[in-house]
Amino acid sequence: MGHFALPFTADLQLQVVAGFFHDVFLMINHLVIGQNGIMSTPAVSCVIRKIKAVGGIILTASHNPGGPNGDFGIKYNISSGGPAPEGITNKIFEISKGLQEYHICPDMKVDLSKIGKQTFEVDTFKPFTVEIVDSVEAYAEMLRGIFDFAALKELLSGAKHINVRLDAMHGVVGPYVKKIVCEELGSPANSAVNCVPQEDFGGHHPDPNLTYAADLVNTMKGGEYDFGAAFDGDGDRNMVLGKHGFFVNPSDSVAVIAANITSIPYFKKTGVKGLARSMPTSGALDNVAKALQMQLYETPTGWKFFGNLMDAGKLSLCGEESFGTGSDHIREKDGLWAVLAWLSILATRKQSVEEIMKDHWQKFGRNFFTRYDYEEVDSDAANKMIKDLETAMFDPSFKGKKLSSGDKTYEVAIADNFAYTDPVDASVSKNQGLRIIFSDGSRIIFRLSGTGSAGATVRLYIDSYEKDPTKIYQDPQVMLAPLVDIALKISQLHEKTGRTGPTVIT
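Using this note's numbering, the letters of the sequence shown map in sequence onto residues 170 to 675.
These are calculated hints, taken from the structure and not from any lab test. Quick caveat: nothing in here was measured; it's all calculated off a predicted structure. Glycine included, C-beta positions come from ideal geometry on N, C-alpha and C. Some hints here could point you the wrong way.
Unchecked claim - Under the rule of at most 25 Å between Cα atoms (straight-line distance), these lysine-lysine pairs were calculated in the DSS-like manner:
1. Lys219 with Lys286
2. Lys348 with Lys286
3. Lys473 with Lys221
4. Lys483 with Lys438
5. Lys348 with Lys283
6. Lys599 with Lys553
7. Lys483 with Lys221
8. Lys556 with Lys665
9. Lys483 with Lys437
10. Lys437 with Lys532
11. Lys219 with Lys244
12. Lys459 with Lys438
13. Lys519 with Lys322
14. Lys329 with Lys390
15. Lys266 with Lys244
16. Lys556 with Lys570
17. Lys483 with Lys459
18. Lys599 with Lys244
19. Lys347 with Lys390
20. Lys640 with Lys390
21. Lys658 with Lys568
22. Lys527 with Lys390
23. Lys322 with Lys347
24. Lys221 with Lys295
25. Lys640 with Lys527
26. Lys556 with Lys599
27. Lys599 with Lys483
28. Lys658 with Lys553
29. Lys568 with Lys599
30. Lys390 with Lys412
31. Lys473 with Lys219
32. Lys219 with Lys348
33. Lys219 with Lys438
Claimed, not checked - So the derived label-pair ranges between C-beta atoms look like this:
34. Lys568 with Gln661: 15 to 23 Å
35. Cys274 with Leu461: 52 to 60 Å
36. Gly670 with Gly392: 26 to 34 Å
37. Gln661 with Phe289: 56 to 64 Å
38. Val223 with Leu268: 15 to 23 Å
39. Ala319 with Val223: 34 to 42 Å
40. Lys570 with Glu393: 45 to 53 Å
Please put together the full structure from these sequences, using the hints given.
As structure tokens, then:
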């Protein structure tokens, strides 16, 4: 299937196996697997933490096309439930170079549909236990302790309930939506669609954005539903829509959750330790942090950076512009958690998504934001474009330069390649994205992404703050057009990659 999770426990005996790793490792004798091999990435993190496993292995296409001819990745999460940091993955890679042989057990038949423990006699692993668990229950139990399920049930199935449309895009989150939102919280069964996980995601690209979740967008435009959401293949990303297809960009989404964080009982108990966003994410969260006097961290892209802050007790809520939002309840971004957070805000404020968003902009100002994705670009051409741009940016004359488009002129204040020093362990991550920051705070950012299916994905981000109440409701593409034009001119992105436009615009 599309997703297969293996949290595992271990005996504490260290073993040295000559001829295999020439190293020391934990002897694994207990696997915990989701029923039918299905478990969402957030649920894996939850289960690892609950059973105190030493780690977990996730087999997933994530938000990319899956199936026999699609993507397939192997991901390792550590005992905190979060993605393995580079120090561990680098060590795994080094060990893999020395592998001389490996053994398989072709006669070991495990019934993945049967909940319970199955014990086997395997050489060196006596006994070896495989435990099949309900894929949803541990995760659902965790959410019950975070949200006010009575208030959510009233919102979704009470006398004045709202109508919702949730699209699982044939990824693994389908069973979670059905059991938690429909069966437990009372939303009608037909409010959740594409909830049967398929190994190729029904032949679709399970990335919850305006392009690949177009069916949901079009349905929401009809006005029948008050709230809509889509999830990616492994359940850690989400997109939120309001009535008539009102789009909430992910940068605004985490900012709204932060501004309304007391709507979620969990944070009343734990308090708010800090907020964080990835560097390309808009500054919308910064505005909330400043107004509410909360600590804010700007990190490179990658959830492991958030996890480090969480483990140190410095972070409660975080988000990425790539449709990932989460908190310190686990160590992964969490699509369904983010949707229940939004529904909790709707239940508390008794307003629509659009009303909540517009009130937020009136109070904090608006960061107009857009992201252009150029997918499957020739890697050599993409790398050369980035290198040439960096050379131009690092010329001493570039700082202070005035760049114009139409009647708009922007003065370069900062031009760099983002570097991050972790406040927890002082580790340094360099070359995390080219940034051009203008004197008014507007930003142009270029990054090469490593999460696409083939070739290189070039991402262009534009972020510009506006506090004038007469302008905050404008179309982002109109407001940001001059900065987009400047970005394309100085990078010569189209000319150097052979593209005439982006694959996806967010």
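Results of checking the hints against the structure:
Distance hint between lysine 219 and lysine 286 is fulfilled; the C-alpha atoms sit about 17 Å from each other, no more than 25 Å. Restraint check for lysine 348 and lysine 286: satisfied, since their Cα atoms lie roughly 23 Å apart, inside the 25 Å limit. Distance check on the hinted pair: lysine 473 and lysine 221 sit about 19 Å apart at the alpha-carbon level, within 25 Å; holds. Between lysine 483 and lysine 438 the CA atoms are separated by roughly 16 Å; this keeps the pair inside 25 Å, and the hint holds.
Between lysine 348 and lysine 283, the direct Cα distance comes to roughly 19 Å. Compliance with the 25 Å bound is thereby established for this hinted pair. Simply put, lysine 599 and lysine 553 have alpha-carbon atoms about 19 Å apart, close enough for the 25 Å limit, and the pair holds. The hinted pair formed by lysine 483 and lysine 221 meets the criterion: a straight-line CA distance of about 22 Å does not exceed 25 Å. A hinted pair counts as satisfied when its Cα atoms are at most 25 Å apart, and lysine 556 with lysine 665 qualifies at roughly 11 Å.
Our distance criterion of 25 Å between C-alpha atoms is met by lysine 483 and lysine 437, whose separation comes to about 16 Å. With a C-alpha separation of about 23 Å, the suggested pair lysine 437 and lysine 532 falls inside the 25 Å cut-off, and the hint holds. Distance hint between lysine 219 and lysine 244 is fulfilled; the C-alpha atoms sit about 19 Å from each other, no more than 25 Å. Restraint check: the Cα-Cα separation between lysine 459 and lysine 438 comes to about 22 Å, which is no more than 25 Å; the hinted pair holds.
Straight-line distance between C-alpha atoms of lysine 519 and lysine 322 comes to about 14 Å, which keeps the hinted pair within the 25 Å bound. Among the hinted pairs, lysine 329 with lysine 390 is consistent with the structure: their alpha-carbon atoms are about 22 Å apart, no more than 25 Å. For a cut-off of 25 Å, the pair hint linking lysine 266 to lysine 244 stands: about 18 Å separates their Cα positions. A threshold of 25 Å between alpha carbons decides the hint, and for lysine 556 with lysine 570 the separation of about 20 Å falls inside it, so the pair holds.
Between lysine 483 and lysine 459 the CA atoms are separated by roughly 16 Å; this keeps the pair inside 25 Å, and the hint holds. Taking the CA atoms of lysine 599 and lysine 244, the gap is about 23 Å. The hint holds against a cut of 25 Å. For the suggested pair lysine 347 and lysine 390, the alpha carbons sit about 23 Å apart, so the restraint of at most 25 Å is met. Restraint check for lysine 640 and lysine 390: satisfied, since their Cα atoms lie roughly 24 Å apart, inside the 25 Å limit.
As the CA atoms of lysine 658 and lysine 568 are separated by approximately 17 Å, the hinted pair is consistent with the 25 Å bound. Under the criterion of a C-alpha separation no larger than 25 Å, the hint pairing lysine 527 with lysine 390 is consistent with the structure, at around 18 Å. In summary, the hint linking lysine 322 to lysine 347 is supported, as the alpha carbons are separated by about 14 Å, within the 25 Å threshold. The straight-line distance between the Cα atoms of lysine 221 and lysine 295 is roughly 21 Å, inside the 25 Å bound, and the hint therefore holds.
Taking the CA atoms of lysine 640 and lysine 527, the gap is near 12 Å; set against the 25 Å cutoff, the hint holds. A hinted pair counts as satisfied when its Cα atoms are at most 25 Å apart, and lysine 556 with lysine 599 qualifies at roughly 15 Å. With a C-alpha separation of about 22 Å, the suggested pair lysine 599 and lysine 483 falls inside the 25 Å cut-off, and the hint holds. A C-alpha spacing of about 16 Å is found between lysine 658 and lysine 553, which places the hinted pair at or below 25 Å, so the restraint holds.
Simply put, lysine 568 and lysine 599 have alpha-carbon atoms about 20 Å apart, close enough for the 25 Å limit, and the pair holds. At most 25 Å may separate the alpha-carbon atoms for a hinted pair to count; lysine 390 and lysine 412 meet this at roughly 7 Å. For the proposed pair lysine 473 and lysine 219, the alpha carbon gap of about 19 Å is at most 25 Å, so the pair holds. Between lysine 219 and lysine 348 the CA atoms are separated by roughly 20 Å; this keeps the pair inside 25 Å, and the hint holds.
Of the pairs offered as hints, the one joining lysine 219 and lysine 438 holds, with about 19 Å between alpha carbons and a cut-off of 25 Å not exceeded. Between lysine 568 and glutamine 661 the Cβ separation comes to about 20 Å, which falls inside the hinted range of 15 to 23 Å. Take cysteine 274 and leucine 461: their Cβ atoms lie about 55 Å apart, and the range 52 to 60 Å holds. For the hinted restraint 26 to 34 Å between glycine 670 and glycine 392, the CB-CB distance of approximately 30 Å keeps it satisfied.
Between glutamine 661 and phenylalanine 289 the beta carbons are some 60 Å apart, a value that agrees with the proposed interval 56 to 64 Å. Between valine 223 and leucine 268 the C-beta distance comes to about 20 Å, which sits within the given range of 15 to 23 Å. Checked against the hint of 34 to 42 Å, the C-beta distance between alanine 319 and valine 223 comes to roughly 37 Å, which is consistent with it. With their beta carbons about 51 Å apart, lysine 570 and glutamate 393 fall inside the hinted range of 45 to 53 Å.
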